[in-house]
Amino acid sequence: MSNPGFTHLDALESESIHIMREVAAECKNPALLFSGGKDSIVMLRLAEKAFRPCRFPFPLVHIDTGHNFPEVIATRDRLAAGLGERLIVRTLEDSIKKGTIVLKSETQSRNVFQSVTLLETIAEFGFDACMGGARRDEEKARAKERIFSFRDEFGQWDPKNQRPELWDLYNTRVHPGENIRVFPISNWTEMDIWQYIEREKLVIPSIYYAHEREVIQRAGGLMPVSKLVQPLPGETVIKKTVRFRTVGDITCTCPVQSHARNAQEIIEETAVTRITERGATRMDDQTSEASMELRKKEGYF
Amino acid sequence: MSTATQLLRFITAGSVDDGKSTLIGRLLHDSKSIFEDQLSAISRTSEKRGMAAVDLSLLTDGLQAEREQGITIDVAYRYFATPKRKFIIGDTPGHEQYTRNMVTAASTANLVVILVDARKGVLVQTRRHTYLASLVGIPHIVLAVNKMDMVDYAEARFNEICTEYLAFAAQLGLHNVTCVPLSALVGDMLVERGDNLNWYQGTTLMDLLESIEIDHDVNTTDFRYPVQWVCRPQTGEYHDFRGFMGRIEAGEVSVGDEITVLPSGRTSRVKGIVTYDGKLQTAYAPQSITITLTDEIDISRGDMFVKADCLPTVAKEFEAMLCWLSETPLDKNRKYLVKHTTRTAKCLFSSIDYRVDVNTLEQHANPTVNMNDIAHVAMKVQQPLVFDHYQRNRAGGSFVVIDEATNNTVAAGMIV
Ligand SMILES: Nc1nc2c(ncn2[C@@H]2O[C@H](COP(=O)(O)OP(=O)(O)O)[C@@H](O)[C@H]2O)c(=O)[nH]1
Ligand SMILES: [Mg+2]
Numbered sequence: 001m002s003n004p005g006f007t008h009l010d011a012l013e014s015e016s017i018h019i020m021r022e023v024a025a026e027c028k029n030p031a032l033l034f035s036g037g038k039d040s041i042v043m044l045r046l047a048e049k050a051f052r053p054c055r056f057p058f059p060l061v062h063i064d065t066g067h068n069f070p071e072v073i074a075t076r077d078r079l080a081a082g083l084g085e086r087l088i089v090r091t092l093e094d095s096i097k098k099g100t101i102v103l104k105s106e107t108q109s110r111n112v113f114q115s116v117t118l119l120e121t122i123a124e125f126g127f128d129a130c131m132g133g134a135r136r137d138e139e140k141a142r143a144k145e146r147i148f149s150f151r152d153e154f155g156q157w158d159p160k161n162q163r164p165e166l167w168d169l170y171n172t173r174v175h176p177g178e179n180i181r182v183f184p185i186s187n188w189t190e191m192d193i194w195q196y197i198e199r200e201k202l203v204i205p206s207i208y209y210a211h212e213r214e215v216i217q218r219a220g221g222l223m224p225v226s227k228l229v230q231p232l233p234g235e236t237v238i239k240k241t242v243r244f245r246t247v248g249d250i251t252c253t254c255p256v257q258s259h260a261r262n263a264q265e266i267i268e269e270t271a272v273t274r275i276t277e278r279g280a281t282r283m284d285d286q287t288s289e290a291s292m293e294l295r296k297k298e299g300y301f
Numbered sequence: 001m002s003t004a005t006q007l008l009r010f011i012t013a014g015s016v017d018d019g020k021s022t023l024i025g026r027l028l029h030d031s032k033s034i035f036e037d038q039l040s041a042i043s044r045t046s047e048k049r050g051m052a053a054v055d056l057s058l059l060t061d062g063l064q065a066e067r068e069q070g071i072t073i074d075v076a077y078r079y080f081a082t083p084k085r086k087f088i089i090g091d092t093p094g095h096e097q098y099t100r101n102m103v104t105a106a107s108t109a110n111l112v113v114i115l116v117d118a119r120k121g122v123l124v125q126t127r128r129h130t131y132l133a134s135l136v137g138i139p140h141i142v143l144a145v146n147k148m149d150m151v152d153y154a155e156a157r158f159n160e161i162c163t164e165y166l167a168f169a170a171q172l173g174l175h176n177v178t179c180v181p182l183s184a185l186v187g188d189m190l191v192e193r194g195d196n197l198n199w200y201q202g203t204t205l206m207d208l209l210e211s212i213e214i215d216h217d218v219n220t221t222d223f224r225y226p227v228q229w230v231c232r233p234q235t236g237e238y239h240d241f242r243g244f245m246g247r248i249e250a251g252e253v254s255v256g257d258e259i260t261v262l263p264s265g266r267t268s269r270v271k272g273i274v275t276y277d278g279k280l281q282t283a284y285a286p287q288s289i290t291i292t293l294t295d296e297i298d299i300s301r302g303d304m305f306v307k308a309d310c311l312p313t314v315a316k317e318f319e320a321m322l323c324w325l326s327e328t329p330l331d332k333n334r335k336y337l338v339k340h341t342t343r344t345a346k347c348l349f350s351s352i353d354y355r356v357d358v359n360t361l362e363q364h365a366n367p368t369v370n371m372n373d374i375a376h377v378a379m380k381v382q383q384p385l386v387f388d389h390y391q392r393n394r395a396g397g398s399f400v401v402i403d404e405a406t407n408n409t410v411a412a413g414m415i416v
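Going down the list, the protein sequences come from chains G and A. First residue of the first sequence: 1, per my numbering; consecutive thereafter. First residue of the second sequence: 1, per my numbering; consecutive thereafter.
The set of hints was computed from the structure by calculation and includes no laboratory data. Any given hint might turn out to be false.
Facing chain G, according to a computed beta carbon distance under 7 Å, are these residues of chain A, among others [to be verified]:
1. T5
2. Y79
3. I88
4. Q228
5. P233
6. Y276
7. G278
8. Q287
9. L325
10. A412
Computed cross-link-like contacts, PhoX-like style, restricted to lysine-lysine with a CA-CA straight-line distance of at most 25 Å [claimed, not checked]:
11. A:K335 / G:K28
12. G:K49 / A:K271
13. A:K279 / A:K335
14. G:K201 / A:K84
15. G:K201 / A:K279
16. A:K279 / G:K49
17. G:K28 / A:K346
18. A:K346 / A:K332
Bear in mind the structure is a predicted one, so any value in this text is a computation, not a measurement. The C-beta atom is built at its ideal place from N, Cα and C for all residues, glycine as well.
Bound conformation, chain A alone (with noise of 0.2 Å):
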């Protein structure tokens, strides 16, 4: 446990009953991260239930309010660690009116585990789900299909609900799916291979987790930086030190490269790369650092480094998918604000070109955008935002929408 090197975030997705919580308790308690306190506190509470068992879902559902509902009502997040990787689950629940909890954690994720029950199959849910993880771009995709033990662990139940779900997927494009039979009440599968799935010839859920690849999951040829803060201490030694802070958000610089300031166009090398730790010769995405330049160029927060071989795109017009996340309708006679990497910027909504059904992925052409809808529209903003596709960049191509009067962050945006 001590010698985790990476981290992988991931979340579960799934109808109400499915069996995520089961599966995020299993898999904290198999690999040996649930402590006694923890485990005596929900056996207490699984007795004063009257369960026969201890109710490992317990571990998950957080808030009192779900407590007393028996219910998940927001994204919790949960830590483990085996000696390969460190994981952070976010635990979205599977109700219709929670699509922008899914959403939220979805945004930060390498993989997303879709549970299907292997009585029921794929689901409305289940399409929904994995619409939604496309549209956020989760990286990685797993099918599992969990109570193997309800169906007699049947391969031809088990192989019919993959073919299903492989198919609606590559409809969305999606190619990196992996499906896994398992039952998370028993444990087959998860952390332990167990007896009962001796037909299947895959990995473990647990297998899976610590070894699928995740170093491209970033944009690693694009390099994207958008300065946070500029540091000029004035003092001593560091009179002239002019440091641009902020992270790479894709791709890598080296000390020396040309690198251009956008929107402004101006260019110039960069000097150094200074971190707490000493100077750095190249640094990486999704690494916090500081970079001095050559020439003395004004540069604020809001204006991103890139290089001239990859350049984003400049303008203050682009096309979007949305998810709203407020109660509030969208108001097109309203202006908002737009947050995207480190430029904040007065906004409007100039078309809604269509809403989706998330559920039959049907295009409607409707004006209005509620809660939990995904829309096409079209935005302008004040500024011009420095910007990618999302798909090719997901740092680039992200935004969220703030409304001024309440504060409210109230809808999240993927630019197409």
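Chain G on its own, in the form it takes in the complex (with noise of 0.2 Å):
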């Protein structure tokens, strides 16, 4: 007999139970990125049901730039200590003051240098392999990122030599000094994301619901008005009710307009939208065509 009443979120969740799992029994030493953001919360309920009535074989790390929603620390530390799980969390901070980071000015997106003390976090608790939410409808190098990608000594990805995966029969063994990232949601899509925080019942950061919030009109987009980013001359400070659709650096993630103020109506409002998540949300990804896969050869998630 067939399995009765199998969704595709029911596919896809056991899919990413599955890589967990594995990642589990056969890197040594894993970790699984852990921001607050939404992808990453639905990875945590992913942990939970994949592990269960176990603790988690690994710690979740956060590498935090400095630049977060408040909303979004908040629940990261609420989350991790409601489950009982160790969070890691390391700064950006601490690689300024060791001088591997050289930031131009105060202000500047901090999204690019997040690899830097990724690397250095990996290498400080000698990490084989960190599991991460990024899904591959997000962006067009993701979509052809393997689910066990591989990074060299220096965390590089390089898209030509990229190992074949087939089946679900996933090559964890690596070198000492490389590493792997693991995308156990690849497959997912938004729409999927939020319809299983609505099938989860998921507490998310308040930030992703419609609410008031002063922004700037700015390079076609909606900027949230913040200590690091206050209206230049000629702009006007407006108020707009609003969401996020993706949560990441204060100064270039921007908010779109909406009224949805649950996971029921963003899913409605997802199925009609006409805009791509990244597209409408973040300027680092707009500098040029390719600059996501230019950032994930240097290291990025």
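Join the two chains, each given in its own frame, into one complex according to the hints.
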């Protein structure tokens, strides 16, 4: 007999659980990258499904840019504490102090520098596998990346030299100093994530839902006003009802206008939206057509 | 879009310029899965290259290098959903040197759309892709006769191509083939029927993708449960809990079922099927679950739970069809690693029986196996594997070969 009522979400969930268990079983010292954003909250639930009633066989790791939304950091800490799992936080500030990151200005976007601190954290703890919540539908370069994505000693991804990935037989082997990034939710889309948040009743940071916020109209998008983003001469601060579709560095994550106040309303909105998730919300991807690919080659997630 | 229920994975295959990228772009576009910012990015690029219309193939051509060269160089995955299904598309390249990419994408696919150019008909590459589809056991095949606009939408031409193709497919033992005439460029018979192919009685490509029955694409009869991970919390209420975590690769299991643990052959009964969402009475492939047993027996990762009425083979020697994926040829004097289900063991190739010419399907006695070669081999492993014939159970008959020196995945294998 076949499985009655087995939905696409069940299929995706089962695949992700299988991937996480393979990592736990085959990698010596894995970690789960956890930011407090919606994708990583889904990852956390998948990890619970994969390992409970056991503890997670890996710590949670966050690379904190120091430019995060406070609601997201609060959610991160609350969830990690609630699960009783170990959370390791390393900050870009550490790398700046060491001199391995040199900023041009205090308000500059810090997303690109995350890879430096990530690589330092990998070296500090000797992680051989880092699981992340990136999805292939987010971006063109990610669409071609394997679920188990091999990185050399410099953390670099070589798109032309990827290990073939067949069936569900993942090759997790690395030489000392090398590591792999694993993306258990590679095959999930933005819609799947929202459907899962709704189905699992996951608590996510409030900024993902519609709220009033002071913003500035800039470069065709809305910029949230914060300590780091202030109006330039000629710009005016306006109040809008908005929500965030992705959450990254506060200096380059833009909200979209929306009245969706819960997951169901966001699902309905996502079904008719005509703009991609990152296209609507991330200034850092729009620098050039190939910007994500270039960052990945440099060791970005 | 929000009520998608089943997941269907498919790939496209065809020679260069048969229209794979255009077809995928068209499916995404006409099912309203393309976003405005993507569309404006590709129309800017199309304009820059001096094209008259928006080139939908640019949507799937992801990486910088191939944007520069204008070719698809690797497998790219695309996603879209309709109210009936969620789809994962693997866009595989048509170049000869990338057979490995087609095999890779094919390994998880429910269905393959094989494109031919209506002007050119069935080519050597068409035969090759069909052979690979049969080798990797893709359950459903659709022959898409594209560019019908270039042959005046002629029914006779379509029938001619189908007849030739179906005869070839039958030689390979393939009977699950559907032929569809279409124009990816114009959009006829993809999502909309269009006005140009009124003589065609069948369904559109999209209808086919939405309705083809896939429940039995996994083996639903022979219970196979490779143990991935053993969970022993050793605390509080779970002090004595020993859960065997894994994914059901085939068949189903219920509480109370007697199971055999292979390769040891010990037997026990299913005490519970545990999930985060509560206990289950029965679970089916491909669910990820945790099983507890009534007896304390020694079980670790790599063991497999099965039922006595449908036993797999336990052996240290077997024969397989191999697709060599590495630039370094197979070295018969070396030992490799084989990863099969959750078991990894040292292996060697005791014989290379023949190589298949994927263009003519002729067998050649040939001792060298290079990248993209398909070969029949005999293998020996250090520890016994618990396996099925690939044709009966994809999950129980597939393996990859890893080179211990480089850690690269060098071959994909199917036990015959
Ligand atoms: N006339 C016509 N041209 C097509 C059709 N489908 C694709 N093409 C053109 O054929 C060329 C190659 O298409 P592409 O999708 O890149 O092929 P691929 O190499 O298989 O991905 C492009 O110039 C397309 O515009 C069709 O149905 N009719
Ligand atoms: Mg193409």
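*Any hints this thing doesn't respect? Which numbers, in order?*
Hint check: 7, 13 fail, others pass.
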